[in-house]
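Undergrad: Residue numbers (the UniProt record's numbering), protein chains in the order written: chain A, 1 to 207; chain B, 1 to 265.
Not one of these hints is a red herring.
Cut-off 16 Å, straight-line C-alpha distance, at most; resulting in silico cross-link-like pairs (EDC-like, lysine to aspartate or glutamate):
| no. | chain 1 | residue 1 | chain 2 | residue 2 |
| --- | --- | --- | --- | --- |
| 1 | B | K39 | B | E65 |
| 2 | B | K26 | B | E208 |
| 3 | B | K117 | B | D165 |
| 4 | B | K239 | A | E170 |
| 5 | B | K239 | A | E171 |
| 6 | A | K199 | B | D15 |
| 7 | B | K39 | B | E81 |
| 8 | B | K42 | B | E78 |
| 9 | B | K239 | A | E172 |
| 10 | B | K39 | B | D69 |
| 11 | A | K149 | A | E170 |
| 12 | B | K128 | B | E92 |
| 13 | A | K121 | B | E233 |
| 14 | A | K129 | B | E220 |
| 15 | A | K121 | B | E220 |
| 16 | B | K117 | B | E174 |
| 17 | B | K239 | A | D189 |
| 18 | B | K39 | B | E78 |
| 19 | A | K148 | B | E237 |
| 20 | A | K139 | B | E237 |
| 21 | B | K239 | A | D140 |
| 22 | A | K129 | B | E233 |
| 23 | A | K129 | B | D225 |
| 24 | A | K200 | B | D15 |
| 25 | A | K121 | B | D225 |
| 26 | B | K239 | A | E135 |
No lab work stands behind these hints: they were computed from the structure. Just so it is clear, the structure is predicted and the values come from calculations on it, not from any experiment.
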Amino acid sequence: MSWLSGVVYLGVGSRVPCPVVFNRGIATSSALNQYYKKRSDESRGDRLHFRRVVLFNKRVHRHQKKDVFRPFEKPSDDFPSVPVHKYGTRGTGIRHSYGWTSVPEKVPQLIVPDLSECDLKPYVSYRTKEIYQDELSAKDLFNAVYGKKILKDYKEGKLDEHGNSLEPSEEEQLTPEEARTRARRTGSDIFLGGTPRSKKWNIRWEY
Amino acid sequence: MRLLPMHWARRGAGDGLDSGFMTWSKVYANLPERYMMRKAYKLKYKPPVAHPAFKQAIETSRIPEFTMDRPWSAAYWEQHEPHAPVQNNYVEPILDEDWMWFKGDRVQILVGPDKGKQGYINYVVQEKNWVCVEGLNCKYEMMGESRNFPGMMIMREKPLVVTTDIQLVDPSDETPAQVEWRFSEDGERVRTSTRTGHILPIPSAAFETQDYKTPVGYRENQRTDTPASLVQEITFEPKLCTFEMDIMESEGIVETRNPPRTYWY
Numbered sequence: 001m002s003w004l005s006g007v008v009y010l011g012v013g014s015r016v017p018c019p020v021v022f023n024r025g026i027a028t029s030s031a032l033n034q035y036y037k038k039r040s041d042e043s044r045g046d047r048l049h050f051r052r053v054v055l056f057n058k059r060v061h062r063h064q065k066k067d068v069f070r071p072f073e074k075p076s077d078d079f080p081s082v083p084v085h086k087y088g089t090r091g092t093g094i095r096h097s098y099g100w101t102s103v104p105e106k107v108p109q110l111i112v113p114d115l116s117e118c119d120l121k122p123y124v125s126y127r128t129k130e131i132y133q134d135e136l137s138a139k140d141l142f143n144a145v146y147g148k149k150i151l152k153d154y155k156e157g158k159l160d161e162h163g164n165s166l167e168p169s170e171e172e173q174l175t176p177e178e179a180r181t182r183a184r185r186t187g188s189d190i191f192l193g194g195t196p197r198s199k200k201w202n203i204r205w206e207y
Numbered sequence: 001m002r003l004l005p006m007h008w009a010r011r012g013a014g015d016g017l018d019s020g021f022m023t024w025s026k027v028y029a030n031l032p033e034r035y036m037m038r039k040a041y042k043l044k045y046k047p048p049v050a051h052p053a054f055k056q057a058i059e060t061s062r063i064p065e066f067t068m069d070r071p072w073s074a075a076y077w078e079q080h081e082p083h084a085p086v087q088n089n090y091v092e093p094i095l096d097e098d099w100m101w102f103k104g105d106r107v108q109i110l111v112g113p114d115k116g117k118q119g120y121i122n123y124v125v126q127e128k129n130w131v132c133v134e135g136l137n138c139k140y141e142m143m144g145e146s147r148n149f150p151g152m153m154i155m156r157e158k159p160l161v162v163t164t165d166i167q168l169v170d171p172s173d174e175t176p177a178q179v180e181w182r183f184s185e186d187g188e189r190v191r192t193s194t195r196t197g198h199i200l201p202i203p204s205a206a207f208e209t210q211d212y213k214t215p216v217g218y219r220e221n222q223r224t225d226t227p228a229s230l231v232q233e234i235t236f237e238p239k240l241c242t243f244e245m246d247i248m249e250s251e252g253i254v255e256t257r258n259p260p261r262t263y264w265y
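Required output: the full structure, derived from the provided sequences and hints.
TA: What follows is the structure, encoded as structure tokens:
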């Protein structure tokens with residue numbers, strides 16, 4: 001006897017109906033094997049008759065393939081509750097008793113940046129010379145942001161006894177607290193902690 | 001011109017994988033090594049689920065043998081079965097850096113019907129210590145024979161073993177010579193003839209690929225290639241903000257909220 005089990009994955013504290021996964025399988029215990037026993041070969045004992053197994057996951061029998069891989073959302077007559085296996089795609093219409101209507105709002109709109117001014121192409125010419133660039137360090141960033149101004153002030157004699165500028169720019173006026181809050185505003189890339197997701201083990205919860 | 005770091009980087013398979021292909025066999029193809037490995041190594045076992053019950057390793061079958069067709073080409077797999085046993089080919093081991101027979105080198109053949117003749121190397125199979133000399137040591141085969149058609153004769157160079165059937169030619173007197181890897185006065189590792197001491201330069205054809213004869217002579221595809229001048233241009237200006245903050249600024253998104261102060265105890 002084949003059984004049907006729907007495995008429902010619920011999010012923590014959620015009340016939204018979640019997708020149901022249908023798993024069909026066969027019981028191998030002899031008491032439930034009656035349906036699959038070949039009537040003509042009763043003397044050869046219990047044998048599983050796989051042609052009668054009806055599976056709706058990807059492990060289908062070739063005769064049941066048309067029930068699973070249906071081109072449209074029309075349910076099959078024999079098993080009306082079984083959904084079509086769509087490989088994760090989402091339809092762009094609605095199937096109803098009178099037919100199928102396409103819904104333009106369901107068609108995904110791809111938002112692509114305007115590349116008319118972009119001269120970069122998918123491939124790089126073999127003629128390019130080897131480009132060596134060191135990693136941008138904090139020192140390089142400091143030199144780029146503050147360096148020029150400091151040199152200019154030093155040459156013009158506009159530095160006070162502690163080395164601070166007499167005419168500070170916007171960046172030079174920042175206090176440590178203000179710089180700290182700025183670094184943690186929207187768009188911050190400061191790592192906040194936690195363990196990275198394991199690539200080897202498919203762990204859903206880590207205790 | 002020797003292989004530069006950028007050429008070596010292209011040859012790497014990545015992830016600490018060793019493809020088993022040697023340098024001069026794959027230079028002409030100019031393909032990413034991960035592609036060549038994917039085509040050459042056939043999958044034997046892959047764990048169905050990332051669970052400790054299954055051995056978490058991917059097993060591939062080894063290449064049965066190295067022939068004139070490259071193991072990443074379709075022609076090779078037309079002649080070979082996917083999981084065939086590995087052939088016991090005994091090859092004299094020559095280190096990758098000690099290989100001294102390049103495409104375009106002038107050599108003299110020492111065996112066979114073309115003994116004594118000189119020619120230029122056409123094709124290199126480093127894994128088998130093989131080399132083909134252009135137009136010499138050939139076999140002639142008829143293709144496409146049928147009742148009404150006599151067929152076409154095709155001339156194919158037979159491979160020669162590098163250590164026994166071939167000798168590099170000294171350019172100073174155009175006679176075969178024993179060649180060794182030595183260091184020149186500039187500190188460069190070069191091939192020198194032991195008899196005369198003359199240096200054998202590496203021919204430019206050794207660095208030729210499917211896509212170009214020399215990188216400088218490559219003809220840029222107008223539709224798909226970014227020109228070299230544009231690639232070498234540096235447009236990055238260091239700024240005191242992250243990438244996301246820079247985009248916010250250019251889009252005109254102003255953020256005035258401050259995140260609350262957090263403390264570590």
